[in-house]
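Colleague: Same order as they appear, the protein sequences are chains Z and E.
In this text, residue positions in the first sequence follow the working numbering: the first is 8, and each later residue adds one.
In this text, residue positions in the second sequence follow the working numbering: the first is 8, and each later residue adds one.
Just so you know, the hints here were simulated from the structure itself, not pulled from any lab data.
One or more of the hints may lead you astray.
Remember, identical chains collapse to one label, so a pair may be satisfied in a single copy or spanning two.
What the hints assert, rightly or not - In silico lysine to aspartate or glutamate, DMTMM-like type, Cα no more than 25 Å apart, as pairs:
#1 K33 / E51
#2 K12 / E105
#3 K47 / D84
#4 K12 / E108
#5 K136 / E105
#6 K33 / E108
#7 K47 / D142
#8 K12 / D88
#9 K33 / E63
#10 K33 / D125
#11 K47 / E189
#12 K171 / D88
#13 K136 / E204
#14 K33 / D100
#15 K33 / D194
#16 K33 / D46
#17 K47 / D18
#18 K33 / E75
#19 K136 / E191
#20 K47 / E191
#21 K33 / D84
#22 K47 / E148
#23 K47 / E63
If you want the building blocks of each chain, they are given just below.
Number of protein chains: 2
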Amino acid sequence: MSAFKNPPSLDRLVSALRVLPGVGPKSASRMAYHLLQRDKAGAERLARALDHALTELGQCACCNTFSETPLCALCADSSRDPSTLCVVEMPADVMTLEHTEGYQGRYFVLMGRLSPLDGIGPRDLPLEKLVAQADNGAVREVILATNFTAEGEATAHVLSTLLKPYGLQISRIARGMPVGGELEHTDLGTLVQALVERRQWEAGED
Amino acid sequence: MSAFKNPPSLDRLVSALRVLPGVGPKSASRMAYHLLQRDKAGAERLARALDHALTELGQCACCNTFSETPLCALCADSSRDPSTLCVVEMPADVMTLEHTEGYQGRYFVLMGRLSPLDGIGPRDLPLEKLVAQADNGAVREVILATNFTAEGEATAHVLSTLLKPYGLQISRIARGMPVGGELEHTDLGTLVQALVERRQWEAGED
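Construct the entire structure; sequences and hints are all you get.
Modeller: What follows is the structure in structure tokens.
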């Protein structure tokens, strides 16, 4: 058989690309070929962005989100209500909630969720840091805003058990019909939850 | 609305990851979070592998495959038969053909295929380099071994037209039943081709 092999630097790039989630050997090869053949400038940009992020990015001492400064912009903002702490899975969830303009309190970002299948257990989440933030004397209510997926729900349950001893009000964001939603076009699981979690309708309420 | 934004180095990494084929904004975010949160060593390794590949890897002056040396190991091997040139799409195809141990000639690697949907036209393939190699005086036969996909077939047709004026024997690798294949378990397209491209059976032939 011929001794023909890939050049070592190509093999090394293909194997390095496999650190990316969801990238197997075939897509890693395809990515390497694409970068080297069609987008060297992009490859260079990616290498620099990785270096830059590794050097510059840390995590906010307070809410745990990615930040280039010890405190993120949101935690450094003294106009936020310190009595409410909203716990989310990822930084993107903070962005989404901020876009609603309906929340003025503070956040805590778990940077993940319990996910036994991915090997992420309670020890892999910053639970001590969360307890320290929740039990800082100023917080009165912790809103659990993890996703309504199986993992997000399990995470919310673990967090509520964890925070119970600290005498805080623990709440979970509501499940139910989407605003503007029609019964006919709502999935059955959501509809069942909307029935189960129905609330008393006070006269004059909108 | 809150002025809360992602840190610039995170945004920059997410956008740099989108140079990878098949990676949209959502998976780029997921990849960035994964690298920064769970695999900083992997991110560092990826940055170094990109740098190393960009510095070290060029293309073989002869067969056009990736190579760290001006001539790749295969083109530098004087025991290969210089009269046959096998044209393939990608370096991985060379590896596959070499594993068969059934070919002793030389290769030319297109590093792609015609693919109008991806914006890859004849000008994006190294056709001049291919003609120079095919018309070097030593080559007698060019074997077109692009894939039997729509793009690979179109590429083979364009190459055969391109090479026609040079008085070379042009061949295409055979389509048909796989070795050990059973009619019942062969897809219809392959079966039709195996019928259409049937060949005369000589007495005594295996």
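Colleague: Now tell me if each hint is right for this structure.
Modeller: How the hints compare with the structure:
1. For a Cα distance limit of 25 Å, the shortest separation of K33 from E51 qualifies both inside one copy, at 22 Å, and across copies, at 22 Å.
2. Within a single copy, K12 and E105 get their C-alpha atoms only as close as 52 Å, which misses the 25 Å cut-off; across copies the closest is 10 Å, which meets it.
3. Taking the shortest alpha-carbon separations for K47 and D84, neither the intra-copy value of 41 Å nor the inter-copy value of 29 Å comes in at or below 25 Å.
4. In this homomeric assembly, K12 and E108 come within 25 Å of each other (Cα to Cα) only across copies, at 14 Å, whereas the closest approach inside a single copy is 57 Å.
5. Taking the shortest Cα distances, K136 and E105 sit within 25 Å of each other inside one copy (22 Å), while across copies they are farther apart (56 Å).
6. Taking the closest pair of Cα atoms, K33 and E108 come within 25 Å of each other only across two copies (23 Å); inside a single copy the shortest separation is 43 Å, beyond that limit.
7. For a Cα distance limit of 25 Å, the shortest separation of K47 from D142 qualifies neither inside one copy, at 50 Å, nor across copies, at 30 Å.
8. In this homomeric assembly, K12 and D88 come within 25 Å of each other (Cα to Cα) only across copies, at 19 Å, whereas the closest approach inside a single copy is 61 Å.
9. For the identical chains of this complex, K33 and E63 are inter-copy neighbours only, at 22 Å across copies versus 32 Å inside a copy, given an alpha-carbon limit of 25 Å.
10. For the homomeric pair K33 and D125, the shortest alpha-carbon distances inside one copy (21 Å) and between copies (19 Å) are both at most 25 Å.
11. When the C-alpha separation of K47 and E189 is checked against a cutoff of 25 Å, the pair qualifies neither within a copy, at 50 Å, nor between copies, at 45 Å.
12. Only within a single protomer do K171 and D88 lie at most 25 Å apart by alpha-carbon distance; the minimum there is 22 Å, versus 77 Å between protomers.
13. In this assembly of identical chains, the alpha carbons of K136 and E204 never lie at most 25 Å apart, being 32 Å within a copy and 70 Å across copies at closest.
14. Taking identical chains as interchangeable, the C-alpha atoms of K33 and D100 lie at most 25 Å apart only when they sit on different chains, with a minimum of 13 Å there against 32 Å within one chain.
15. When the C-alpha separation of K33 and D194 is checked against a cutoff of 25 Å, the pair qualifies only between copies, where the shortest distance is 24 Å, while the shortest distance within a copy is 37 Å.
16. Within a single copy, K33 and D46 get their C-alpha atoms as close as 18 Å, and across copies as close as 21 Å, so both meet the 25 Å cut-off.
17. Proximity of K47 and D18 under a CA criterion of 25 Å is satisfied in both settings, with 17 Å inside one chain copy and 20 Å between copies.
18. In this homomeric assembly, K33 and E75 come within 25 Å of each other (Cα to Cα) only across copies, at 22 Å, whereas the closest approach inside a single copy is 35 Å.
19. Neither within a single protomer nor between protomers do K136 and E191 lie at most 25 Å apart by alpha-carbon distance, with minima of 44 Å and 62 Å respectively.
20. When the C-alpha separation of K47 and E191 is checked against a cutoff of 25 Å, the pair qualifies neither within a copy, at 51 Å, nor between copies, at 47 Å.
21. For a Cα distance limit of 25 Å, the shortest separation of K33 from D84 qualifies neither inside one copy, at 46 Å, nor across copies, at 28 Å.
22. In this assembly of identical chains, K47 and E148 lie within 25 Å of each other by CA distance neither inside one copy nor across copies; the values are 51 Å within and 34 Å between.
23. In this assembly of identical chains, the alpha carbons of K47 and E63 lie at most 25 Å apart whether taken from the same copy (24 Å) or from different copies (13 Å).
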